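Asks: Letter by letter, the chains look like this.
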Amino acid sequence: GAMGGSASLIPRDLLSEYQELTFLSKQEILLAYKRFSELLPKEERENAFSARVPKSQILTLPELRANPFQHRICHVFSTSETRDDSMSFEDFLDMLSVFSDSATSDVKSHYAFRIFDFDDDGTLDRKDLEQLVNCLTGQGEESRLTSAEMEQLIQNILEESDIDKDGTINLSEFQHVVSRSPDFASSFKIVL
Amino acid sequence: DGSDDNEEGSAVENEETAKGTDKGRKRAAPRTRRAHARGRERHGDEEDEDDEDGTRRAGHRRHRNRRRGQAAGNEASDSDMEPAKARKNQANQKSKEDDEEEEDEKGGKGGKGKNEKKGDKKPDKKGKKEKANKKKKDKKKSGSGSDSESEEEPITEEELAKLKEEVEEKKKLIATLRNKPWKMKKKLSVLKEAQLFVEKFEGALGKGKGKKFYAYKVMMTKKWMKFQRDFENFKTACIPWEMKIKEIESHFGSSVASYFIFLRWMYGINMILFGLTFGLVMVPEALMGKPYGSLPRKTVPRAEEATAMNFATLWDFSGLAQYSVLFYGYYNNQRTIGWLKFRMPLSYFLVGVGSIGYSFMVVTRTMAKNANDDGGGDDTSFNFSWKMFTSWDYLIGNPETADNKFASITTSFKEAIVEEQESRKEENIHLTRFLRVLANFLALCTLAGSGYLIFFVVRRSQQFALEGLENYGWWERNEVNTVMSLLGMFCPTLFDVISSLENYHPRIALRWQLGRIFALFLGNLYTFIIALMDEINLKARYLLSFTMFDEKIVKYNMTIWEASLYNGTIPENSTAPPIQVDPADVPRGPCWETMVGQEFVRLTVSDMMTTYITILIGDFLRAVFVRFFNYCWCWDLEYGFPSYSEFDISGNVLGLIFNQGMIWMGSFYAPCLPAINVFRLHTSMYLQCWAVMCCNVPQERVFKASRSNNFYMAMLLFILFLSTLPAVYTIVSIPPSFDCGPFSGKTRMFEVISETLEHDFPSWFGKVFGYASNPGLILPFILLMVLSIYYLNATSKSYKEANLELKKKLQ
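Sequence lines, in order, name chains A and B.
Using UniProt numbering, the first residue of the first sequence is number 1, and each one after it goes up by one.
Using UniProt numbering, the first residue of the second sequence is number 1, and each one after it goes up by one.
Just so you know, not all the hints are guaranteed correct.
Claimed, not checked - Some but not every residue of chain A turned toward chain B, in silico, with C-beta under 8 Å:
| no. | residue |
| --- | --- |
| 1 | E20 |
| 2 | E63 |
| 3 | N67 |
| 4 | H110 |
| 5 | E160 |
Stated by the list, open to error - If we take Cβ atoms under 10 Å as the criterion, some of the chain B residues that face chain A in the derived model are:
| no. | residue |
| --- | --- |
| 6 | W182 |
| 7 | K183 |
| 8 | R229 |
| 9 | G253 |
| 10 | F382 |
| 11 | M388 |
| 12 | F389 |
| 13 | S391 |
| 14 | N398 |
| 15 | I409 |
| 16 | K414 |
| 17 | Q421 |
Derived by calculation from the structure, the hints in this document are not laboratory data.
Note that the structure is a prediction, hence the values are computed from the model and not measured.
The C-beta atom is built at its ideal place from N, Cα and C for all residues, glycine as well.
Model the full structure from these sequences, guided by the hints.
Replies: Right, here's the structure in full:
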């Protein structure tokens, strides 16, 4: 039904290129196309390839709705020139490819680093880590850590991961820590 | 044009005039020159570091500018290329700049990509290049060779080889493009360029003697890759229950979903086992073997005929079900059957052995794959960092589950912080130790008690059988199965209570719990088998007091009885027509294999029933009760006792593993077992998926199953090994029943192999096999295998040590 219809909307050579360039299978790409066009208003569905979906619409996806990093994810994968975090179809595919089951741990950790880097400065400093912890403990006031606990926690983390002791975690340190985790690849996964 | 490469600004201006003439020249031989130039340009950028030839350098600059000019879209010959590509190139340039700007800013010590880029930047002040250039670094020298115009002059051997290498490099680049953390636009343009290059030069490389063959090879490779990709897509489409599992993942997280993934994997294995037994054993016998009623072993005895079709008998797998392809006893020992000359006994034997071999292979392969993914394994040096970076489960899509997850993460942070602070605190070690010893003692008592109970119950069932089962009600008939299932249900809860004495860290407590449940199931299973073997021996001794002698007695009885049918006259020769005797009336010898098969089938069925009833009562009715009686109850049922149940992952996984162990044990005697198990797993999947979504709540303490993944696989392997021991023992040591089954008449079951070698293979084969099975050859072979295991173990240890050394050096 809908699958068959959308198959005719992606030109075949483009489809095979997407297969070549992402970790997604053909069905996954077609499903992504279908879900993406559903986020667009009806008039724009014809040129889904050049359309951009505003962030607010992307965040209505059930896969992202409950994610504490939803804003960061949109920001990292968006190639919007106006920096409004809107996503094109190719951005969407990029995102799904990185979060797919077959993506390598290298690619995942690269993007995880960028997602956790709240101030986009290329390293995870204390402020980034604090914001990260606050994201993870939820929105409620009573579930947040006290400042003493936060201090202790960040101290422990930096002790473990900051190899060159510069007070920040850079990409290679991050990748070194995360690649050793057996849970990372299986938890850093989104499937449509 | 001027927007890119600030560092090259001056160089560009100098070449401005050259560009015009180049463009003119370019039109003459548009595509190839352009493509070639692109390829060369990449080398050219590296070349400039060497600066071997001034003219070449200028030439390369010209080429580079040509490319820039083309990218600006003002080439007439561009129009026959896809306009999108030119646009993409332009956009790519921009986004490439953006990317490179970003990455420059991100600076720092940099990941791999950045380091390489820095390395590029320093010696070469030319600035921005495509990342593809990095791949060409080692091709620096070879790049110089491809200076000549490929289309106009004949290519020398050297250049041919270098071109080939470049093409291979491009192909490798295309294959690894998806691993690069670039934006899609950039990837698309790099892909297109690389593809064009490969296309161009694969054609050129084809010149000369091997052209046709080369082109053919290239086409076959392309077709093969396309086929592989399509096959992968097809395989992904074939995976069942993907949507269901995804829904569960989003509600309950990945640990509960891992149980269902495990269930699906088991289903796959059982489907293969079912295919083997159904296709190679049951179907040939049903189609080509002698039909029901033609032989005594294939017919329901006269005495049981009246009840043979009753539902109760069929449910018990006696009566008509017993005398069918479902069980061992039905099969005839004819060497070949039907017009295909299908070797039935050989097939039966090989399918039995093959199923076990296949199971071993699959489980070991999955374990190896998991071990690979595991990487470092049980590393506790990054405790806090892992909690920070890897604890969120991105599959969660349900706000309620997300709230639970937030709570559990907060708790685990707080706990870890407290633990870290209290790790040096002195505790009352003696009390803890005493309590732990007491807990272990209680657990051992429980295990011993359950083992004894099973033994006792099996013995009782023997007595019932001796006195005739008709005198007893439902409980006595099904006592063994029910007791085993109930023990499996209640003892784990008991272990849970005992473990509260021990005061361990939850993860360690979970390990102890799993270990105890494992010991429980194992003990139960083996007690059951021992009791069963005992029963068989007893029966065998009772009915065949002296094995060979009694066989002759029964045969003698049969001859006498046949003679009696001739009214006392024993035919002198066999020319007299045999009297039609109804096979149902012929007296039978005992058939212990079918009996064993029946026991296993009954056990599986009752296990299945118990699981379903537990789910319905324990989960569903409980949920209904809590939901509807909450309004008129004194305390809050949902938060206090009993509340909704959580999904017990470890209990379910262990149940699944032990069920599979029973299948492996029994499928040699009852070929129908894999079929029953496939049915069971199929319905289990649907029932449990529904039950989980409808009646369970997400767990409060969310444990990642991935760490325990290899633990479950190891248990499965262990169970597989233990399950195959009884079957192997019976094949090798116990004589098969003389009156039923495909091996009747032989002294040992494996003799079917030597028989086949004698009859079906040329004589020299038998000789070779005879020599090969000589202990003189087998012992050195075993020795060789032991030595290679030792060697591989030593190598892997040394690798691990080297790893640790490197880790330390990094820190």
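Asks: Check the structure against each numbered hint from earlier and tell me which ones fail, lowest number first.
Replies: none
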